[in-house]
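Novice: Residue strings, one per chain:
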Amino acid sequence: MKDEVLVKVEGVSKKFCRNLKRSLWYGVQDISRELIGAHKLSALRKDEFWAVNEVSFELRRGECLGLVGHNGAGKSTLLKMLNGLIKPDKGKITMKGRIGALIELGAGFNPILTGRENIYSNGAVLGFSKKEIDKKLDAIIDFAEVGDFIDTPVQNYSSGMKVRLGFAVAAQLEPDVLLIDEVLAVGDVGFRIKCYNEIYRIMEKAAVIFVSHSMPQVGKICTAGILLKGGKNHLFSPNISDVIAAYYDQFGGDKMSFEGSGKVTIFGISFGNQDNVYTVSSLEELNNDYHHEVDLSKSLFVSVSASIDPQIEYYSVLFSISDVDQKVVSQIIPPENSFKNGEGPQTIHIELKDFYLNTGKYSLSIHFLKEQNTDWGETLIGIRSLLKFSVKRDKFLGSAPVLHKAQWKIESNYKTILND
Amino acid sequence: MLVETIQGSFIFGIMNPSDKITVYSADTLNQSFLSILVRVFRELPEAHELGLRLFKRNIKAMYRQSLFGFAWALFPPIITAALWIFLRNNNVMSMGDTGIPYPIFVLTGTMLWQIFMESIQAPIKNVTANKTMLVKINIPREALLLSGMYEVLFNMFIKLALLAVIFIVFNQPIDTHILLVPIGIFAIILCGFAIGLILTPIGVLYNDINYGLVITLPFLMYLTPVVYPKPTEGVVATIMKLNPLAVLIPETRFWFTGQPGEAMSIFWAYTVFFAFLLFLGLVVYRLALPMIIERIGS
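Protein chains in written order, with the working numbering: chain S, 1 to 420; chain H, 1 to 298.
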């Protein structure tokens, strides 16, 4: 059962037309061709392009495929084909079992009607019979947490309540193939967690295809992934982290960005382990990829050379490390006493002996801050994504970006064993 | 007719859903007209379930936000009828002998015409109104047609109830011909619905169809013996030979008011013709809708 292939996509393509008038006219032509049983035109007509181009993959029960890519990469089009809303122009999709889609929550809701009445409309749209809904009604109302509002017209609901009600109905689906498109970005945290748990539950018995722009979400849910680029299957990997990394790479990494008053100029940087130092003497020389790999078993050295406005008396330096999502995961804070500005260029050296990052790609940001009365003042210069590097551990340990080292103690049979 | 088929085909379509294989392929499946039609009818129970639900939703929502409620189904034919009674009583218009009291004549006519109007507009109206749902969710698409059909039937019953009251007030005699009336109304709905359905695929893509209908329908009413009796000679009589409604509406009205019809055989010929047109419309709808969804986007 577990290895059963539920979704098989073979060389599927779909074309779209950029021009509305022409698109409608092609529609009339296509309908006529379909009616007389003529073959589909495989060539592109004027103003047409391949929105999805020769995409193939297979998905088994228990697997979750993340479908990622830029806006307009063809994700939604592919999902629409999987959902049977539109027909492929080339290729074939074969699916086994009941197909469920979490694409539009609360479809069929009418604002005038009460929540209870809308559960029935929405349920019918999703393919439930009245009897099935009767049976599940309490579970739905419970899950939605709308309380007394259930007999209030939906137009008086907050947007979060509407979404909750919509999801509560959709969560009753017991699909073999589940298609999800970005619906989880809404609702408050508590409800989102509930949604995830529900999806995990469904996932156990189903093959899931998940479209999202949120890489943390994709990373959390998906087992495999496809990166679409210009409608083509740019990368397929059974390892979702490869796909996420490739997705970020597509944006050319995060570009360096500057902030602050500019009273500090950075001109030289060196970074790396003692035997493998990467040095540049100007910011222009920095390359914008993650080639530089840090060895965790050795100390990491970072030096920054800067010229500081002589009017600044005391300053401080803060390093931040961000993951590929641009989220700051750790910071290196300066000592209590700030640095006194000397004459000429200053070079700041740090040595990091213990470095607890997990496998992944990171970027280093630096901030020079003016120090006044032991408080941090204005930002003299801040450079985000100054330098990119990667960390590789021998094996993948957990999913958090920072791994703490600890003293472990295991007690058994009243005998204490200390374990370093 | 549809309702009968729905119950009839309940025997089909029971299988374990987790063994169901769904295939979406670019290849034009070389299906015959008949096999598509059979499939459409086989899947009607599912569409009925949703169609009924959408119909109930629409009706509830429509009347909950209205003071006059059901009366709105009656206003258009009553106003038209009242206008014509007024014009005729003041001798602004002269028209032939209607055989029955004019108010009965014109009210029956406008009611039947209204039923036709609603039928022809129902398919496009319902598909257009649910566009956003169609492009996002895979629903049995015939459900939209059915919910439109149920709305037409619902409004028809309100009209018939009013007619019954009027008949009693005017002491209008009826006879066994009244038994033919359901067939007459059925044919009128069939005619409107079939034409509307055939126009739907293009009508959803291009607004022109809807604009065109809004303009032509009132005009068509005056080329149909709705407010006046059918002329026997002259240019108008010739034009009416081409107008199926010039048979369906007067014929049904005759049966209503206890008179034998005049054109039974033509009536049946039209009914059969529109039944085929409806079948054709259903097949076209089934084949064309994925392509329409692709063109109207999200």
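These are computed hints drawn from the structure, not numbers from a lab. Keep in mind that this is a model prediction, so the values were computed, not measured. Among these hints, one or two may not hold up.
Stated by the list, open to error - No farther apart than 30 Å at their CA atoms in a straight line, the calculated lysine-lysine pairs in the DSS-like style are these:
1) H:Lys131 x S:Lys40
2) H:Lys136 x S:Lys46
3) H:Lys230 x S:Lys96
Claimed, not checked - Far from chain H by the CB rule (all over 10 Å, computed), these chain S residues:
4) Ser13
5) Asn83
6) Tyr120
7) Ala124
8) Ser129
9) Ser320
10) Glu343
11) Lys361
12) Val402
13) Lys405
14) Ala406
From the three backbone atoms N, C-alpha and C, an ideal C-beta is built for every residue, glycine too.
Novice: Are the hints correct? Go through all of them and say.
Specialist: Hint-by-hint comparison with the structure:
Using a Cα cut-off of 30 Å, the hinted pair lysine 131 of chain H and lysine 40 of chain S holds, with the two alpha carbons roughly 25 Å apart. Note on lysine 136 of chain H and lysine 46 of chain S: the hinted pairing holds, with a Cα-Cα distance of about 27 Å set against a maximum of 30 Å. Under the criterion of a C-alpha separation no larger than 30 Å, the hint pairing lysine 230 of chain H with lysine 96 of chain S is inconsistent with the structure, at around 60 Å. With a least beta-carbon separation of about 8 Å from chain H, serine 13 of chain S fails to lie farther than 10 Å from that chain, contradicting its non-interface assignment.
A beta-carbon of chain H is positioned within 10 Å of the beta-carbon of asparagine 83 of chain S; the least distance is around 5 Å. Listed as a non-interface residue, tyrosine 120 of chain S fails to keep its Cβ farther than 10 Å from every Cβ of chain H; the least gap is roughly 6 Å. Separation of alanine 124 of chain S from chain H is inadequate, the least Cβ-Cβ distance of about 4 Å not exceeding the 10 Å criterion. Some Cβ of chain H comes within 10 Å of the Cβ of serine 129 of chain S; the nearest lies about 6 Å off, and the non-interface call is violated.
Consistency note on serine 320 of chain S: stated as away from chain H, and its beta-carbon is indeed over 10 Å from all of that chain's, at 39 Å minimum. The beta carbon of glutamate 343 of chain S is kept farther than 10 Å from every beta carbon of chain H, the shortest such distance being approximately 64 Å. Listed as outside the interface, lysine 361 of chain S is consistent with that label: its C-beta sits roughly 34 Å from the nearest C-beta of chain H, beyond the 10 Å cut-off. Its beta-carbon lying about 40 Å from the closest one in chain H, valine 402 of chain S satisfies the requirement of being farther than 10 Å from that chain.
In this structure lysine 405 of chain S is separated from chain H by more than 10 Å, as the shortest Cβ-Cβ distance comes to about 48 Å. The beta carbon of alanine 406 of chain S is kept farther than 10 Å from every beta carbon of chain H, the shortest such distance being approximately 47 Å.
Figure legend: structure checked against the earlier numbered hints; hints not met, in rising order: 3, 4, 5, 6, 7 and 8.
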